[in-house]
Each structure stands twice: as C-alpha cells, then as structure tokens.
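Protein chains in written order, with my numbering: chain A, 1 to 111; chain B, 1 to 113.
No lab work stands behind these hints, which were simulated from the structure alone.
Note that this is a predicted model, so its numbers are computed, not measured.
Check before you lean on any hint, since a few could be wrong.
One side of the interface only, derived from the structure: several residues of chain B facing chain A at Cβ under 8 angstroms [to be verified]: (1) Ala29; (2) Gly43; (3) Leu46; (4) Gly104.
For every residue, glycine included, the Cβ atom is placed at its ideal position computed from N, Cα and C.
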Amino acid sequence: EAQVTQNPRYLITVTGKKLTVTCSQNMNHEYMSWYRQDPGLGLRQIYYSMNVEVTDKGDVPEGYKVSRKEKRNFPLILESPSPNQTSLYFCASSFLTDTQYFGPGTRLTVL
Amino acid sequence: GENVEQHPSTLSVQEGDSAVIKCTYSDSASNYFPWYKQELGKGPQLIIDIRSNVGEKKDQRIAVTLNKTAKHFSLHITETQPEDSAVYFCAASMIGSARQLTFGSGTQLTVLP
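Next comes chain A alone, as it looks inside the complex:
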C-alpha cells in the first residue's frame, strides 16, 4: 500500500531533550516536506527536500533540523525542544509535478 508513515504518533517530552520524528514513504517520491499545524494557522512548512542530500528551509524552520540521506526517509530533529514547539506535525511527499500526500501526523507536547 502506498503510504507515508510517521513515528511516533504521540510524544510527550520535556524542554531541552533532543528528539527525532521519523518519516518514511514507499512511493519513490523525490519531494518530501515537514509541516506543523496549529489552531487558526493552518499548515506551515518547516523544511522540505527536493531529493537526496538537498534540503531547504520553509516558512518556520527555527528550532528544527532535517536530513535526507535516503530517498524514502526524511527525519525531523528537534535538538532542544521548547514549549512553543508543541504542535501537530505532518510529513508529506510527492513527485515534483504532483500533489503532496500526507502522513497521519505526530502530536508533540513539550513540557
């Protein structure tokens, strides 16, 4: 089944404790992206990647890192999480000329 998977789905952590949210897709998509969703703000892009080893900042990159060492994986790293990073996070992927397919989301709470 074609899909985007994210892990974990739910995470509660404390300020400053490094964490990684994994994202994987099985559709051979070149493009992958991370969004955060906050009430009243819609989805805002954090980082995106056009292909392996090619990443770039989206609209809200501060406090996040990403890497794209393999085509199928695009992990999101929070090296020192803060409470303002409490949010619902979505990974998405697509071919460059097609629409994006979203994962099921990761709800992160930073205490």
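Go by the hints and put chain B onto chain A.
Just chain B now, with coordinates in the frame of chain A:
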C-alpha cells in the same frame, strides 16, 4: 511570498444543502490549487485540485472554480452528507518548482443531520 486567505473559518449546513468555501491568493505566478480534507485524527487528504489552465473541475458532488484574474478559487460541495463534516484546507503553489504549498487557515464544515 504567497499568501492564501480562506473563508469562512466555520460553516454549518443542513444535510442535503450546498457548502461553499472561498480562498484568495496573492502570487499571480501560482498555477496549482489543491483542496484537502482533514478528518479528526488524520492527515490531510487531497479531494480535488485545479490547474490554472482550466476554470472549473468537477468530481461527483464536489467542484472547484478558479478565477485567475481575481486570484480566487472556491470549493463547492453539493448534497452534503454527515460524512462531509471535516476541516477543509485550500492551498496554492507553483507546480514543479521548489516553491511548495501555501495553505489557507482551514474551514471547519459541520453537516447537521
């Protein structure tokens, strides 16, 4: 950069009535306009999209219209059903470029039985 505004933020309709959600965008270079439906606890799912070389597209009970001159596009749902209740997002982008989707803030649609 691109800015997408979406209205209304909430919409309640009676089952069987029509629902219309409107979006405006700012960047005239945008040429791809998808609509996503997000059900509770799930990621957004594409329901329909339109490219700038067409003015209207239909898929059963849903349709999207695009007015490039005015830079606005709309989602129309006819004969609404309770399962249409969800949050709907519009978005705009330039397909094939490094610029990605810019989303509207979402519309919570509630279909009352």
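Those earlier numbered hints the structure runs against, lowest number first: Of the numbered hints given earlier, the structure breaks just one, which is hint 1.
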